[in-house]
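Chains as they are written, first to last, in my numbering: chain A, 1 to 416; chain B, 1 to 284.
Hint data in this document are derived by calculation from the structure and do not stem from the laboratory. Hints are not guaranteed to be accurate.
[As the list claims (entries may be wrong)] Facing chain B, according to a computed beta carbon distance under 7 Å, are these residues of chain A, among others:
1. Arg-36
2. Pro-180
3. Leu-196
All C-beta atoms, glycine included, are put in the ideal place defined by N, C-alpha and C.
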Amino acid sequence: MSTTISPDTRSHPAPGEHAWRDTPDGRGHFGPYGGRFVAETLMAPLDELARAYDEARVDEAFMARLHADLADFVGRPTPLYHAERLSEKAGGAQIWFKREDLSHTGAHKINNTVGQALLAARMGKTRVIAETGAGQHGVATATVAARLGLTCVVYMGSEDMRRQATNVYRMRLLGAEVRPVDSGSKTLKDAMNEALRDWVANVDDTFYIIGTVAGPAPYPAMVRDFQAVIGQEARRQMQERLKRLPDALVACVGGGSNAIGLFYPFLDDKDVAIHGVEAGGDGIETGRHAAPLSSGRSGVLHGNRTYLMQDDNGQILGTHSISAGLDYPGVGPEHSWLKDIGRANYVSVTDAEALDAFHECTRIEGIMPALESAHAVAYARKLAATMSPDQVVLVNMSGRGDKDMSSVAEAAGETL
Amino acid sequence: MNRLDTRFDALRQRGRTALIPYLTAGDPGPDATVGFMHGLVEAGADVIELGVPFTDPMADGPVIQAACERALANGTSLKGVLSMVAQFRERDAETPVVLMGYYNPIDRMGLSTFCEAARNSGVDGVLIVDVTAEEAPEVLPELSAAALSPVCLIAPTTSEARIAKICAHAGGYIYYVSFKGVTGASSLDADRLADQIAPIRTVSALPIGVGFGVRTPTDAAAVSRVADGVVVGSVLVSRIADNLDDPAAATAELRATLGAMRDAIDAADDEQRKIHRQEEGERA
Numbered sequence: 001m002s003t004t005i006s007p008d009t010r011s012h013p014a015p016g017e018h019a020w021r022d023t024p025d026g027r028g029h030f031g032p033y034g035g036r037f038v039a040e041t042l043m044a045p046l047d048e049l050a051r052a053y054d055e056a057r058v059d060e061a062f063m064a065r066l067h068a069d070l071a072d073f074v075g076r077p078t079p080l081y082h083a084e085r086l087s088e089k090a091g092g093a094q095i096w097f098k099r100e101d102l103s104h105t106g107a108h109k110i111n112n113t114v115g116q117a118l119l120a121a122r123m124g125k126t127r128v129i130a131e132t133g134a135g136q137h138g139v140a141t142a143t144v145a146a147r148l149g150l151t152c153v154v155y156m157g158s159e160d161m162r163r164q165a166t167n168v169y170r171m172r173l174l175g176a177e178v179r180p181v182d183s184g185s186k187t188l189k190d191a192m193n194e195a196l197r198d199w200v201a202n203v204d205d206t207f208y209i210i211g212t213v214a215g216p217a218p219y220p221a222m223v224r225d226f227q228a229v230i231g232q233e234a235r236r237q238m239q240e241r242l243k244r245l246p247d248a249l250v251a252c253v254g255g256g257s258n259a260i261g262l263f264y265p266f267l268d269d270k271d272v273a274i275h276g277v278e279a280g281g282d283g284i285e286t287g288r289h290a291a292p293l294s295s296g297r298s299g300v301l302h303g304n305r306t307y308l309m310q311d312d313n314g315q316i317l318g319t320h321s322i323s324a325g326l327d328y329p330g331v332g333p334e335h336s337w338l339k340d341i342g343r344a345n346y347v348s349v350t351d352a353e354a355l356d357a358f359h360e361c362t363r364i365e366g367i368m369p370a371l372e373s374a375h376a377v378a379y380a381r382k383l384a385a386t387m388s389p390d391q392v393v394l395v396n397m398s399g400r401g402d403k404d405m406s407s408v409a410e411a412a413g414e415t416l
Numbered sequence: 001m002n003r004l005d006t007r008f009d010a011l012r013q014r015g016r017t018a019l020i021p022y023l024t025a026g027d028p029g030p031d032a033t034v035g036f037m038h039g040l041v042e043a044g045a046d047v048i049e050l051g052v053p054f055t056d057p058m059a060d061g062p063v064i065q066a067a068c069e070r071a072l073a074n075g076t077s078l079k080g081v082l083s084m085v086a087q088f089r090e091r092d093a094e095t096p097v098v099l100m101g102y103y104n105p106i107d108r109m110g111l112s113t114f115c116e117a118a119r120n121s122g123v124d125g126v127l128i129v130d131v132t133a134e135e136a137p138e139v140l141p142e143l144s145a146a147a148l149s150p151v152c153l154i155a156p157t158t159s160e161a162r163i164a165k166i167c168a169h170a171g172g173y174i175y176y177v178s179f180k181g182v183t184g185a186s187s188l189d190a191d192r193l194a195d196q197i198a199p200i201r202t203v204s205a206l207p208i209g210v211g212f213g214v215r216t217p218t219d220a221a222a223v224s225r226v227a228d229g230v231v232v233g234s235v236l237v238s239r240i241a242d243n244l245d246d247p248a249a250a251t252a253e254l255r256a257t258l259g260a261m262r263d264a265i266d267a268a269d270d271e272q273r274k275i276h277r278q279e280e281g282e283r284a
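Pulled out of the complex, with its shape left as it was, chain B reads as follows:
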């Protein structure tokens, strides 16, 4: 059992929703990321998604595109991202880390070299945005051999047949993309979310994290009522972009932004548990 499974099990037992912040590694510079990661954990992160910068992030909106450009301008490579995770692990052996990115940098490093290095650095899961279920057989055996969970995307356009196909090989958690679009583009329609993720529940016991469009504590709380995890990306990356010359201010803003979401999610979780207890009491 890797850190992801352990973490989601523990959260489930405590009736808590996972808070999953995303950062682009190496943004604004290679030295900033590890400090940001620790700050996010202190502010209540349960899992960290670390974006591997790529020149052509075709599923990302302008905020994360700009973060990729800053990280690449500072010389961030996939190898460098893995050293950041290793450095993070020196002080944090518990918090699961998922690498999120595009296939070409991994392919260039060599899949088996990457998987081994990722495992040795303390990575727990890998989400390769542009490797779909059809192409996944190319990467799954190597990921599995290195005990890396294949975190997979499911979108509003995914048919029920495809949901079953994806869930058959997915690991760690399902990343549900809340709307048709790129990261950071739209706002969340929390009312529709429960209906949208229901078909996933019928075929998979994996926890479901929802991302794309979570901007405010209210959004986070709304998502936590129906999902097992809340993924927050562009809004955090914007905080970094707003404080490029002041890492201390960036860290403070990241913590404040994530902390407010943590509080909102916890309040919603408490309310859910209260409702749950009441229902149990009435039944008894």
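Just chain A, same shape as in the assembly:
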């Protein structure tokens, strides 16, 4: 039997109602996680950003502009879709998708870049910088920069540039400069180091648009707030369509912005189970993966305390995932906190399982998920199979798979 939940019209539960409503604290801590671990030079710009964001979020004109952009430029609200054939194949609960893949530029990333770019413009910054892994956040940043007439520089690991050549070209067409990062592992974490170095040197005119719910405060909470539109819409749409809330939420977790965006508005709904899916790569036991919540330990990187993949000497480990967007050794601090307090459950899915889900979803639903989102689909199939047909699993279809053609072909031993 499914849990019966009466329709709930609250969209913003009162602060302080639950432990997670009190986070982050004034210093950006989610329990023991988060905070601001940066070089002193960045403290002033972070203070400036936190002040500007606190002002903007209560400014009606700013919020009206944001909502108008989300509607007319991004294409919100994104649909809620019943994946009937996938549900039937899984055999169990009904699987529904929140269609972030239908957002402008093809992924949820744009929800956040629209918000941060408007804030940058409001603060009088003329230049924006970003880090990118799969290139989706880079494209989303280049897109809003083009629209607002801001100079845009995107840092991208040279290994990721190879894997995501089409996105590199998209960013260049949008007028952004893509700077290859050759240090360290040449992936997302190194791109973030390089963006932080750029910001330190250009704090006066530059706004750093971080693409995920990590980094120093106020980024984790600010990015969550901009992405929470996903869960707010999904919660409302579920109530309108099904007159109830889902039994379980499933989203992939790299840094974790699409996941927190879906989860956050449901945190108070105790009967809604929450599952975050990390990149299991070749399998957790092989060490070749990108699943800090599944196998890592608490540490400090990129401005916040969180679960990290690290060795016994506190050096950050290289990661592996078929999905460039999940290829990151850390995770947003709020996820670390939700794991520790038991509000969310974190699991992992291997490259092979994600690829299989990618192909199945493509063939039987006609929806080609991003390889990141395919991790969520893979776990949702497994989860649904353990549930009953009157239960509902809501998956965040965080992005579309067009960008992943060469990775998928390569995995199949084909060349395009």
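Put chain B on the given structure of chain A with help from the hints.
Relative to chain A, chain B alone:
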């Protein structure tokens, strides 16, 4: 009183500016560092900053990033860095050593384990680049219990209110970052420096060392006219990078580079003291 305080007091009495070279420990290999440290002392170092290599040195420029990568490729760990300091102490009981690095390796070792081991190895101060004044309460009691001075950064972007907050808990010396950027990136604007560090003087009696961008003896002399210490990093690390296969040549170049800075600083110090004596004479 630890070696840092003793050393800065002695320098102040003699009217001398501290010369503070930085090296990344374990670069290019774990056996090189102790010899380099002794060479730096012989060339006139007053304090040594020893960088603990980290995979993600986000406040460092390409020169020190590459040094970190070389050191890590050779298996340098925080534990290994502490043994280097202990080995250095076998022949040098006087020169203060400050560890400079990022928080994660310390956090992973465990703060109290680290502090105890650092004290036992002969470390005098610790500068954790990514632990700001807001997060410092997490580390200060343990550092203090082990008599390790918390050396703190102040940047051109630091407000006067923050300067006061940082100086309230800082120890050893203040490390003033001379420009907005990463290590080794820009060049020094010595003219602005006096104005920039003036607000620190009004709230703290701690000596002020200035780093980031000191490349030449002229830079070092210019900094010595306004600051109490001159920190030199990337230019020395470059000398090592230029001589990866020849440790003897690297040592010789390190000594020559630092020695030239020592001479320039001493000449500037002598000139300052002469001016000072003249002023005193006129007053008398």
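Report the numbers of all earlier hints that the structure fails to satisfy, in ascending order.
Hint 2 alone not satisfied by this model.
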